[in-house]
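Participant: Sequence:
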Amino acid sequence: MSDDIEAFFVALPARGRALLPPRVRGTLRVDLVTHDSTRHWYVDLRAPGRVLVNRDVRAADAVLTTTPAVFARLVRGESPATAVLLRNEATLVGDARLILAFRRYFPQPHGTGDPREGAQRRAPHGQAWRERLRARTG
25 MSDDIEAFFV ALPARGRALL PPRVRGTLRV DLVTHDSTRH WYVDLRAPGR
75 VLVNRDVRAA DAVLTTTPAV FARLVRGESP ATAVLLRNEA TLVGDARLIL
125 AFRRYFPQPH GTGDPREGAQ RRAPHGQAWR ERLRARTG
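Position one of the sequence shown corresponds to residue 25 (the working numbering), numbered consecutively onward.
Since the hints were derived computationally from the structure, they do not count as laboratory data.
Glycine is no exception: its CB is placed at the ideal position from the N, C-alpha and C atoms.
One should not assume that every hint holds.
[As the list claims (entries may be wrong)] Here are the computed distance ranges between Cβ atoms for each label pair: (1) 151 x 117: 20 to 30 Å; (2) 62 x 100: 46 to 56 Å; (3) 142 x 43: 17 to 27 Å; (4) 76 x 121: 17 to 27 Å; (5) 26 x 106: 13 to 23 Å; (6) 161 x 37: 26 to 36 Å; (7) 80 x 133: 25 to 35 Å.
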């Protein structure tokens, strides 16, 4: 298994629930399938204020199945999770909200970012406009 994947799962609990919407709760099982074996990782998003990662076999609310090579691309930020799912390089069974929340832990692909940040850079007057609007309505 790739060192990138191992490091991703080891670092995940330290990052906590800060990146997740408050109402997302559940367990996501990540299955990494090779030609002769399957590795399972359980990511528990139920604990208040933290994320738990373990290898103990138990029920999961959603299962993400892919190859170690594809998951390594996700971990390195080379591919977005939704694109991997749409290209059928990975499959998801269960609560889709979990993968939509979990994808926030993957780094963004190079050259991408939040479109709001780009819009704010191109429109430096945006903050002043918002302040004037608040003053009128507030």
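Participant: With reference to the structure, classify each hint as holding or not holding.
Facilitator: Verification of the supplied hints:
The supplied range of 20 to 30 Å is broken by residue 151 and residue 117, whose beta-carbon atoms lie about 44 Å from each other. Look at residue 62 against residue 100: about 22 Å separates their beta carbons, and that is not inside 46 to 56 Å. Between residue 142 and residue 43 the beta carbons are some 21 Å apart, a value that agrees with the proposed interval 17 to 27 Å. Between residue 76 and residue 121 the CB atoms are about 18 Å apart, so this pair conforms to the stated range of 17 to 27 Å.
The hinted range of 13 to 23 Å is satisfied by residue 26 and residue 106, whose Cβ atoms lie roughly 21 Å apart. Separated by about 42 Å at the C-beta atoms, residue 161 and residue 37 break the suggested range of 26 to 36 Å. The given range of 25 to 35 Å is respected by residue 80 and residue 133, whose C-beta atoms sit roughly 32 Å from each other.
In summary, the structure is inconsistent with hints 1, 2, 6 from the numbered list given earlier, while agreeing with the others.
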